[in-house]
Amino acid sequence: MTDNSPSLRSKAKALLSLHSWSGIILGMLLYAVIFTGTVAVVADEIGEWSNSNYHKDLLVASDVYATVSRLADQTPVEYLDEISVYENDRQQLVYFFHTHKQNPSGDMDEYGVQYLVNSQGQTISKETGFGSEIFAQDDTYALSRFLVSIHTELHIPSPWGLILTGILGLAMLIASVSGFMIHRHLFTDMFSIRKQRDGQPLKRDSHTVAGTWSIPFAILLAFTGSFFSFSTAFGLPAMGVVAFGGDQEALMYALVGEQQHKSEAPMTSANFTSMVRDAAARQSSVPSYLSISHMGTESASLLAFFMPNEGKVGYEQLVYDGTNGDFIEHKPLVGTVPSVSSEILSLIYPIHFGTFAGLMSKIVWISLGVAACYVTITGLQLYAHRNENKNQKTANAWRWFSRMCVWGFYGLPLCSLASAFGFFVSGNMGASQSLWTQYSFVIAAALISLVSLAMKNLKQLKILLLTGNGIFCLILPVLRFSSSHVGWLEALNYNMMDMLFIDFALLTCALWCFIALHKKCQQESQDSNVWTPTLSDVEVRK
Amino acid sequence: MNHLIMTLPFIAFSLLVIFLLALSDPRRKQLSNKTNNKTSHSLTLSPMHRKLLAWSLALPFIPLVIMSNYAGILMYAGAVTTIGWAISELPSSVV
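The listed protein sequences derive, respectively, from chains A and B. Anchor point for the first sequence: position 459 equals 459 in the numbering used here, and the numbering is continuous, going up by one each time. Residues are numbered in the numbering used here as their position in the second sequence, beginning at 1, plus a constant of 542.
Possibly wrong hints are sitting among the right ones.
For each label pair, taking beta carbons as the anchor points, the in silico distance ranges come out as [as the list claims (entries may be wrong)]:
no., chain 1, residue 1, chain 2, residue 2, range
1, A, Ala243, B, Arg569, 51 to 57 Å
2, A, Cys521, B, Met609, 49 to 55 Å
3, B, Ala596, A, Lys13, 26 to 32 Å
4, A, Met252, B, Ser598, 25 to 31 Å
5, B, Leu558, A, Val442, 34 to 40 Å
Over 12 Å on every C-beta distance to chain A, these chain B residues come out as not near it, computed from the model [stated by the list, open to error]:
no., residue
6, Pro551
7, Ser566
8, Leu594
9, Ser598
10, Leu601
11, Ile604
Rather than coming from a laboratory, the hints here were simulated on the basis of the structure. Where is the CB? At the ideal position from N, CA and C, for every residue including glycine.
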């Protein structure tokens, strides 16, 4: 023993306390954020699946210039400042003619007229308002938007939701780093699982093994997640106050990399359709969205935004001169000139959500999310199990903790599935999908909470919630088919991989639930077959 | 898409290496022997060989870096993480 051993031991103890208590206090919320984050990885695919849609690449296939020119004639001049164009999940092009101004909450927002144009070029709808409001009421993205919003803000009003998720990201970072530091046999225990044992040793091993393997990505995802939350809640407003004297508009112009006062002298714009096709040819892919600025003036420009291409991780933005159609530059994400900070910033979103290589990278990122969920679950279960076996007084309190774990771990996926159920049923009935997706989640949460409080037997509660999860996973592909009549053969025909992926993922989850259910029922029956002496047995023996 | 298909052989390689590491893990074997486990694992590797095998997991990074396939690097690292976790989670009677 060396002299500093006691101090080292006390440091290790302090780290263990930090690891444990940060996990116990914030673990359940952290699980909610990680679980919905795992779902958010496939938010785009959920959007396509919930609408049984496949992208028709309308941005390249249709005549954007002709439509923009036609719609511009019907739109007030002040909204020609900027035009966003993208293909939604219902094979329509969204044209949002807008300017920028403060919304009722005091934040800078887009305000203008949004047109929905179908693949034949006909205008289906026209809506005026703030961008955030129009998007919040758009039924196309009701399900994916709702699930992503739990991940980013836990549906808590801004900025408090962002602050909370930022703190949760930091808690995950603390738990990962302290877990790494307190584990003395990190590499020797990497494969050690005592599956033949049940209870605390198994939970401890599972927690350690899953935690050890996923430490690098846990740190990476926690950091990037915290960055997102804090940069929006604190970073940008603080920068606005310090560097721009509170002028949010000036801040946004500096970040976007555009001059605040541009020449508004009239000048006919060049053909945007050929610019879009040129950008698509340069990147060998279809842009995700377009942004046309100052159309009809001598400062007109077009920006085409692309998802990461061949081997790259960051996004690409191509800028064209709107007056003559010349390609100008690959624009950095932030500012006007390429910089390291802009490069780093462009990597954060793809690394956090695994959106850099299509479905393949997303499958890997989902697995990482599942591993992180598993670490959280086993960590909390480990503490509940350990403390339940202590003295009677504390055991009762920890039994409530165990109940809360079952409620959260099985309840949250069930509520998420219920929200998808609400989305389809309300769609079939012609009701507002944006509202009923949320209501279904809340109704399911209330019912699960009541059942969790009312059912005394924890094992039966687990079985009930697992059955619910399995049934919903099985029902949802059927509901999707009944609402769209798009079957798997048709999906294969049109290469609708996203829709097929979600359908099969749900069926796999259903299978997993029923296998787990079968195992639990077998275990239950084995437990009930074990002979336990009753009062009458004791009397007979006497 | 080609840059992603390129990572698949590396991912298969990592699966094989991690499987061998798990199979020859002395601590895992020790835990497995404590039970009435009928499966006998005969694979034994020296610590030096195990170290070399573990370090070989870093080899695919070299061609990926040379080819500037950064998406592939992230994909491979993520796949190693999940494969490692999945194989470790398998009961010692299986691996």
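Hints, one by one, checked against the model:
1. A:Ala243 / B:Arg569: 51 to 57 Å: holds (55 Å)
2. A:Cys521 / B:Met609: 49 to 55 Å: Given a distance of about 51 Å, which is inside 49 to 55 Å, the answer is holds.
3. B:Ala596 / A:Lys13: 26 to 32 Å: The hinted range 26 to 32 Å holds for B:Ala596 and A:Lys13, with Cβ atoms some 31 Å apart.
4. A:Met252 / B:Ser598: 25 to 31 Å: violated (49 Å)
5. B:Leu558 / A:Val442: 34 to 40 Å: The hint (34 to 40 Å, Cβ to Cβ) is violated, given that B:Leu558 and A:Val442 are roughly 48 Å apart.
6. Pro551: holds (14 Å)
7. Ser566: violated (9 Å)
8. Leu594: holds (14 Å)
9. Ser598: holds (15 Å)
10. Leu601: Since the minimum Cβ distance to chain A is about 18 Å, B:Leu601 lies beyond 12 Å and the statement holds.
11. Ile604: holds (15 Å)
When each numbered hint is compared with the structure, violations occur for hints 4, 5 and 7.
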